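Model the full assembly from the supplied sequences, consistent with the hints where possible.
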Amino acid sequence: MNFFWKIVLFFVAIRYGFFEVVFPRVSQWAVNSPDLLPAPAAAMSMYTWLMMVAIAIYILSSEERIADFMTPIHQFLKPQTAAAKKGMQIVVLAAIPLFGGWSYFDVNSPKMVSPTAVRIQHPTMPGSFEGMKNPLRDPTEEQVEEFIAEQKELAEEAAEDEEMEPVTVPNNIEDGRIALVSKWTEEGAALYAVNCRPCHGMQADGVGPMAVGWRLQPANFRDPGTIATIVEEYAFWRVSKGGPGLPSASTPWDSAMPIWDLDLSENERWKILLGEYFLAGVGPRQTEKLE
Amino acid sequence: MIPLHSLEKNGLQKYQLWLSLFLLLLFTCVGLLNAQTAEKLPATAENLVAGKQIYRNSCWYCHGKIGDGNGPAADFLDPRPRDFTAGMYKIRTTKTGELPTDEDLFRIISKGIPGTAMPRWELTLDDNERWQVLQYIKAFAYEFSDPEYDPYKAVVEIPPKVESSPESIAQGRKIFEKNKCFECHGLEGKGDGRDGLEDGWGFPVRVRNLTRGTNIKGGKNPEDIVYRFTTGINGTPMPSFAKNIGGEDRWHLANYIASIASTEYSEGVILKAVKIEQTAPSTIDAEIWETLPALRIPLAGQVIAKPRWQNHAIDLVQVRAVFNDEEISFLVEWDDPFQDTKHDAEQEIHEYENTYVMAVDEVPRERNVFRDSIAMQFPVKLKSGAKKPHFFRGDTSNPVNLWVWKSDLEASGNNPVEDTNANGFNKPLKSQPETGQQVTGKGVWKNGRWRVVMKRTLTTEDRNDIQFEKGKMIPMAFNAWDGSNGEHGLIMSLSAWSFVYLDVPIPTNLYGYAFLIMLIIAGLLLLFIRYSRSKSS
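Going down the list, the protein sequences come from chains L and V. For the first sequence, the numbering used here gives the first residue as 1, with consecutive numbering after it. For the second sequence, the numbering used here gives the first residue as 292, with consecutive numbering after it.
No wet-lab data here; the hints were simulated from the structure. Hints are supplied without guarantee of correctness; some may be wrong.
Said to hold, decoys possible - Some but not every residue of chain V turned toward chain L, in silico, with C-beta under 8 Å: (1) N361; (2) A364; (3) P680; (4) H681; (5) V735; (6) Y792.
Computed from a predicted model, the values in this text were never measured in an experiment. All C-beta atoms, glycine included, are put in the ideal place defined by N, C-alpha and C.
Laid out in structure tokens, this is it:
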């Protein structure tokens, strides 16, 4: 194989073999996506140009390479007498201007392209939400004592009523705190089932019965890239202010997320977050500490 | 079987052969062992305890802690969650009135019920977990432990399968007619045969629209459908036809129903409006409609703001568009089993207790109360880039233009389309003044389907109207109301943004430019050839 064809082969292998065939498959495998993930068109055209410039510099940097590269071209362009060679020459020489004209036409003719928008998934939350804590994760001693007293009463009722399930009374404040948080978590999951399940699904996987109607699919809370990667007050902001609370870089006009602070109390919204993290089987990200 | 000696002749040694047979056996055993772990788990004490925990983590929110179908979410759902204490199940392979087999229940838990709130638990619970929760659910009804009700004695027999073919489908259609399936399901299967039906629990029953395969509860394949009319659906007006339809005929009917259960959403989001020279059509029967590309758009219940509604009737709208130099016409089609052309504004409800509207008794879901209606929504101004008004009625700084077609106006002989504006869901639609009413329309209902044409000039003088520019992606969304489903106001279904694109012809000067480019390249090439030849000579 001569130098000219080596250069051509190298170009084709990188431009088509690597960028079009290998790259989409490797990225698909790397992020475990159901679809092939091609490189963005703008990046591809930039790489192509860079590669062509690099090849040109490589060839032009030595007289010998210029000669090596040009010889087969001059050879090809020589006047030919054999019919087969002459035919070949005409086909190749005619194809070049035709391809140029067609490319120009193709690039400039009107096309029906799906409008796509780059969307920032996790924009910065407003300062007013920063540093908020879910008060229901750490109940006060008073709340726990009140809860234990309630449980005692219920246990007495249950002792007399056969229909009722037996009630356990926590022995100390620590057990009481755990039992109280788990009661709130169950109440939160029930609120989730009523309010959030239609879109986000009972399995917290983003495929509730309403999900099919939206362009922007509801978040899958089991995906480690959603509620597991954000601090809880961030989730509280999203639940409270919904789609319309997003900045325009996050395409608020496509989000079906309601503004829940219109309809649910602050306590209910924090409770829903307890239930939501429980149903998804993940926990919120912990705030990094500055030492 | 290939004789062993012939393999040996082909160079395969005996030990290789035995080795491969051994490996094959090994893999089969491993496979069988794996399959066995997925086999059903019995109702042991441990499995019931594990099942209860799963039920308390996942199921009770709808089905209730005591399995009575009264969980906190139950009041908002239609169909209402199953009451496990009654032992009455709809989707089975057993005779009418009988219990389901364990495999029937396992299938429902695993695959969910399309078109209802029941999800596919196989996505998050493994086989063993699903069997455990199944055993716990069975324990709610004493019938399951009584050998007298053993469902395995009542499994229906299905004749050998007949593959679908045009003949089988045609035969199936005849059986559909002969057995009067249309009396409930309608002539075209849109569920428009009968209204006011109730189920065994006293809740309203809506007859299934058979043309929407994805919503057929027991599955849309002939293998599933054949069981529905063989076993009947317990607790609903759907009887068993086991005695009336015999042998192969059941497969013909199943093949026919599977063949009409085919309407799906479009893959893309763009409606291509086609340019024509003649007048833009004003009626549904213009022949041009059939030749145009259609976009089938999904709709969800309006669950974004109070009153939220998740039992919406219209979940798909099909739209086509055509235009000439002056006007644009849209043909909008959707399934609606009943034509509701009356509207009683006094029965509209404005105060709601909960975040969602309840399925039963909160709004009148019956005929002759509210109108059928549809609205096409466009932004008033096209923004640069991806910017759009919010798809739910726009927002304060980005108003939308809605063309609201109303069946009661149509019935009274007026122009049925109101040209309106909105800038946010929290304010009512604002009708434009009489001089601004430029949209005309015509709607016809037939066999469970509305077909409505809406037409307007491409541009208007009105600054609150959408102006249709050729070659632009114009956002388009829908709001839809089914009157007999109690829908009015924000109790409706809606779509997110799709796009309509008014196709533009290729500009003629582009051909010229492309030709010029070609000439320039050819010229340069010739110069290069001359240089090359002069050099080599």
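Now the hints, each set against the structure:
Hint status for N361/V relative to chain L: violated, with the closest Cβ pair at about 12 Å, above 8 Å. The interface hint given for A364/V is met, as the beta carbon of that residue sits about 4 Å from the closest beta carbon of chain L, less than 8 Å. Contact between P680/V and chain L, as hinted, is supported at the beta carbon level, the nearest pair being about 6 Å apart and thus within 8 Å. The criterion of a C-beta within 8 Å of any C-beta in chain L is met by H681/V, whose closest approach is roughly 5 Å, and the hint holds.
Because the smallest distance between the Cβ of V735/V and any Cβ of chain L comes to about 26 Å, over 8 Å, the interface hint for this residue is violated. For Y792/V, the suggested interface contact is upheld, since its CB lies about 5 Å from the closest CB of chain L, less than 8 Å.
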